[in-house]
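Residue numbers (our numbering), protein chains in the order written: chain A, 1 to 352; chain B, 353 to 710.
Calculated directly from the structure, the hints in this document are not laboratory data. A portion of the hints provided could be inaccurate.
[Claimed, not checked] Each computed SDA-like pair below joins lysine to any residue, with the alpha-carbon atoms no more than 20 Å apart:
1. K213/A with S523/B
2. K310/A with L630/B
3. K213/A with S247/A
4. K592/B with L311/A
5. K270/A with A509/B
6. K270/A with V582/B
[Claimed, not checked] So, partial list: chain B residues that the calculated Cβ filter (under 8 Å) puts toward chain A:
7. P449
8. A509
9. L511
10. S512
11. G516
12. T519
13. R542
14. V546
15. T550
16. R583
17. R586
18. N588
19. V591
20. K592
21. I593
22. C595
Note that the structure is predicted; figures quoted are calculated from it, not measured. Note that beta-carbon positions come from the ideal geometry of N, C-alpha and C, so glycine has one too.
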Amino acid sequence: MLIPGLKPGPNGTTFISTGIPDLDKILGGGFALGSLVMVMEDAEAPHHLLLLRNFMSQGVIHNQPLLYTCPSRDPRAFLGTLPCPIVSKEDKSASIDQEKEKGLKIAWQYKKYFVENQHGSENNRGMFVLRIFTYTRKEYCNEFDLRKPLERHLLSAQHIGSISMQDSPNLSSLQERCSTFLDQIPRNEGSVGNAGRIAIQSFCAPQCGYSDKEWDMLFFISSLKSMVRDSHSVVMITFPPSLLSQSLSTRWQHMADTLLSVRAIPDEDKDLGKLLTGYQDMIGLLHVHKVAQINTQVPVIFEASTFSIKLQRRRSLVLERLNQAPVDGSSGTSYNTGSSCSSSSKTSAFDF
Amino acid sequence: MAEWVCRALRDGSLEGEHAPALTIKDSISSAFGFDAFTHVLCSMVSNIIAGKSQARGVVLAVFDKSPSFYVDLLKRRTISVVSLDKWIRILDCYSDPLGWKDGSTESVNPIVTIYKDVRDLDKLFSSIVGLGKGMVDQGKVRFSVAIDSASVILRHASLSSVAGLVTNLRSHDHVSCLFWLIHSDLQEARATAVLEYTSSMVASLEPMVLSTEKSIFSLEQNSRKGKFHVRTKRRNGRVKIMCEEYHVEQGDINFKESSGNENLNQNLLPKLQFNLQLSEKELADRKNVVLPFEHQGDGQTIEIYDGRRSLPTVQHDLMTSEKLCTETEHGKGEIHYLRDSDDERPDSDEDPDDDLDI
Numbered sequence: 001m002l003i004p005g006l007k008p009g010p011n012g013t014t015f016i017s018t019g020i021p022d023l024d025k026i027l028g029g030g031f032a033l034g035s036l037v038m039v040m041e042d043a044e045a046p047h048h049l050l051l052l053r054n055f056m057s058q059g060v061i062h063n064q065p066l067l068y069t070c071p072s073r074d075p076r077a078f079l080g081t082l083p084c085p086i087v088s089k090e091d092k093s094a095s096i097d098q099e100k101e102k103g104l105k106i107a108w109q110y111k112k113y114f115v116e117n118q119h120g121s122e123n124n125r126g127m128f129v130l131r132i133f134t135y136t137r138k139e140y141c142n143e144f145d146l147r148k149p150l151e152r153h154l155l156s157a158q159h160i161g162s163i164s165m166q167d168s169p170n171l172s173s174l175q176e177r178c179s180t181f182l183d184q185i186p187r188n189e190g191s192v193g194n195a196g197r198i199a200i201q202s203f204c205a206p207q208c209g210y211s212d213k214e215w216d217m218l219f220f221i222s223s224l225k226s227m228v229r230d231s232h233s234v235v236m237i238t239f240p241p242s243l244l245s246q247s248l249s250t251r252w253q254h255m256a257d258t259l260l261s262v263r264a265i266p267d268e269d270k271d272l273g274k275l276l277t278g279y280q281d282m283i284g285l286l287h288v289h290k291v292a293q294i295n296t297q298v299p300v301i302f303e304a305s306t307f308s309i310k311l312q313r314r315r316s317l318v319l320e321r322l323n324q325a326p327v328d329g330s331s332g333t334s335y336n337t338g339s340s341c342s343s344s345s346k347t348s349a350f351d352f
Numbered sequence: 353m354a355e356w357v358c359r360a361l362r363d364g365s366l367e368g369e370h371a372p373a374l375t376i377k378d379s380i381s382s383a384f385g386f387d388a389f390t391h392v393l394c395s396m397v398s399n400i401i402a403g404k405s406q407a408r409g410v411v412l413a414v415f416d417k418s419p420s421f422y423v424d425l426l427k428r429r430t431i432s433v434v435s436l437d438k439w440i441r442i443l444d445c446y447s448d449p450l451g452w453k454d455g456s457t458e459s460v461n462p463i464v465t466i467y468k469d470v471r472d473l474d475k476l477f478s479s480i481v482g483l484g485k486g487m488v489d490q491g492k493v494r495f496s497v498a499i500d501s502a503s504v505i506l507r508h509a510s511l512s513s514v515a516g517l518v519t520n521l522r523s524h525d526h527v528s529c530l531f532w533l534i535h536s537d538l539q540e541a542r543a544t545a546v547l548e549y550t551s552s553m554v555a556s557l558e559p560m561v562l563s564t565e566k567s568i569f570s571l572e573q574n575s576r577k578g579k580f581h582v583r584t585k586r587r588n589g590r591v592k593i594m595c596e597e598y599h600v601e602q603g604d605i606n607f608k609e610s611s612g613n614e615n616l617n618q619n620l621l622p623k624l625q626f627n628l629q630l631s632e633k634e635l636a637d638r639k640n641v642v643l644p645f646e647h648q649g650d651g652q653t654i655e656i657y658d659g660r661r662s663l664p665t666v667q668h669d670l671m672t673s674e675k676l677c678t679e680t681e682h683g684k685g686e687i688h689y690l691r692d693s694d695d696e697r698p699d700s701d702e703d704p705d706d707d708l709d710i
């Protein structure tokens with residue numbers, strides 16, 4: 001029996017949720033434990049932060065240990081922006097005082113909470129048990145409300161750590177911290193303990209002292225990848241490829257087990273509005289380049305690999321396949337049927 | 353566009369957000385970045401004097417031109433006669449950036465402070481912030497920062513420390529907005545990319561005509577005007593792209609609406625396999641087409657050619673199976689045309705499905 005927050009996947013892997021229900025579906029279940037997820041940022045848009053926030057929030061909700069690092073001086077400030085899960089309507093009428101219920105019909109769903117008295121009698125005198133819902137949800141993946149921040153007390157837990165990379169001249173402190181974190185969550189053959197998450201934001205951000213040391217960064221990522229394989233965790237690293245040399249960027253992309261990229265879209269573009277349906281609600285594009293193949297030789301084939309990022313009712317993140325007019329087959333990549341304009345005609349540096 | 357940029361800088365930053373930062377980028381083929389920079393600077397100062405901007409003062413760090421040049425420029429351009437003491441402080445990194453000259457560090461003009469250590473960016477940061485705070489009243493009041501030329505700083509300091517300086521300035525509580533000039537061909541592409549990454553608006557000056565060969569004609573064309581492209585990162589995550597033309601005369605730069613049709617996002621749109629839109633001529637032609645039906649929808653019935661009368665001019669193009677072939681010679685035969693509609697009998701009670709044998 002698995003702890004909530006973990007789900008068994010194919011080929012003996014275990015999945016944890018990305019925090020975005022649509023992305024879980026697209027990736028075939030979530031992020032596989034032991035994998036390295038890399039997200040390529042767009043220098044002009046902050047969409048990678050949306051992915052990071054949902055990823056981290058999901059870990060907090062499931063009481064999974066979390067380590068967060070970012071290139072600014074105050075990483076706790078970002079933790080304060082983690083979204084709160086949306087509580088569905090059924091749970092709201094849950095915690096009701098037993099005293100008040102005597103002889104009273106409570107809410108329209110009150111019959112759900114009867115454990116005894118199956119005959120539907122009107123006897124309300126204190127014999128039924130109400131299920132009180134708390135925050136440790138049994139669900140695998142929550143939908144998050146991006147407008148509401150997570151409760152503070154959840155963030156001050158012991159197992160949530162953060163470090164700032166802005167003033168570090170080299171990566172040794174980060175490496176040490178990551179390795180102690182991952183050592184605490186070993187991968188055992190028998191039992192399945194709790195899973196851990198590491199979130200590294202804007203890894204090669206220019207204000208960090210190590211950002212021009214290419215080989216140091218490459219070495220760090222490869223050692224992190226090998227450490228995470230032996231651990232019951234997932235590491236998510238975001239980086240802006242436009243700030244790296246072409247060869248370094250390609251090396252990093254190859255190292256990733258799961259590779260995603262986010263793209264900005266121009267504002268008030270009439271041509272794009274005609275080409276894509278639902279353009280007004282879109283804030284960006286997400287492209288899935290590859291998905292982790294652990295314990296298997298069989299690749300994952302997508303029906304569509306580019307999705308539009310929309311904010312539904314301004315609060316929850318929704319990923320949708322793009323609907324667009326037929327494209328001239330000779331210019332685009334013919335393998336991605338139904339995929340978007342951006343993957344076929346934009347910089348081909350990402351395609352491989 | 354330029355006005356839009358100046359307004360965005362004037363409005364400044366919101367609580368808890370980084371200050372808006374503008375990179376003005378030019379190159380040798382359209383070398384008027386400095387004019388654009390002074391345009392933005394003068395507009396900032398006018399807004400500050402008029403009290404319309406969030407910032408109550410501006411700190412100008414000069415690397416490329418002497419402080420007296422700026423003082424004269426501002427006195428000339430801003431209409432107000434109020435002395436500049438209250439609104440501007442200049443950090444002079446031009447006269448003696450590396451501290452080679454001995455002598456006093458006092459300058460003649462009270463608003464100018466000499467700075468002698470360009471290589472130490474932490475000290476530069478604290479000097480800028482110190483000057484700014486000294487100029488505005490204490491409390492929540494903000495000031496804006498202008499850096500004459502980031503290209504010069506990059507000569508002396510590493511890219512990561514310059515990026516750190518800019519990021520620290522942007523995240524400082526008292527900084528309202530920040531803008532700087534960079535010459536994109538003076539450093540590596542990566543340095544330009546890094547500065548664009550750390551800024552929220554990028555204004556680049558580009559030549560009117562992109563010329564690969566340095567013909568005299570294109571040089572002449574580009575010598576006084578060019579295109580002003582602005583890319584802004586908006587809060588909702590989208591990128592706003594604007595373009596206009598600029599014109600330089602008598603040392604002043606003027607911006608006007610772009611006259612040519614620009615397709616700014618050509619690389620985002622794929623080629624469509626078929627064109628769903630009709631051109632004007634095609635629309636007109638479509639109206640003139642006569643459809644092969646008896647009733648054209650305009651109240652007149654079509655006369656069907658029966659071989660006897662001369663062809664009416666309207667009907668010469670379309671034939672269908674309902675109309676029989678016409679014979680232009682008379683006397684050779686007659687054409688009896690039976691309409692299919694005449695052939696119809698009124699609906700009988702028979703159900704045609706009764707014939708099916710299933």
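Numbers of the earlier hints that this structure fails to satisfy, in rising order:
1, 2, 5, 7, 8, 22
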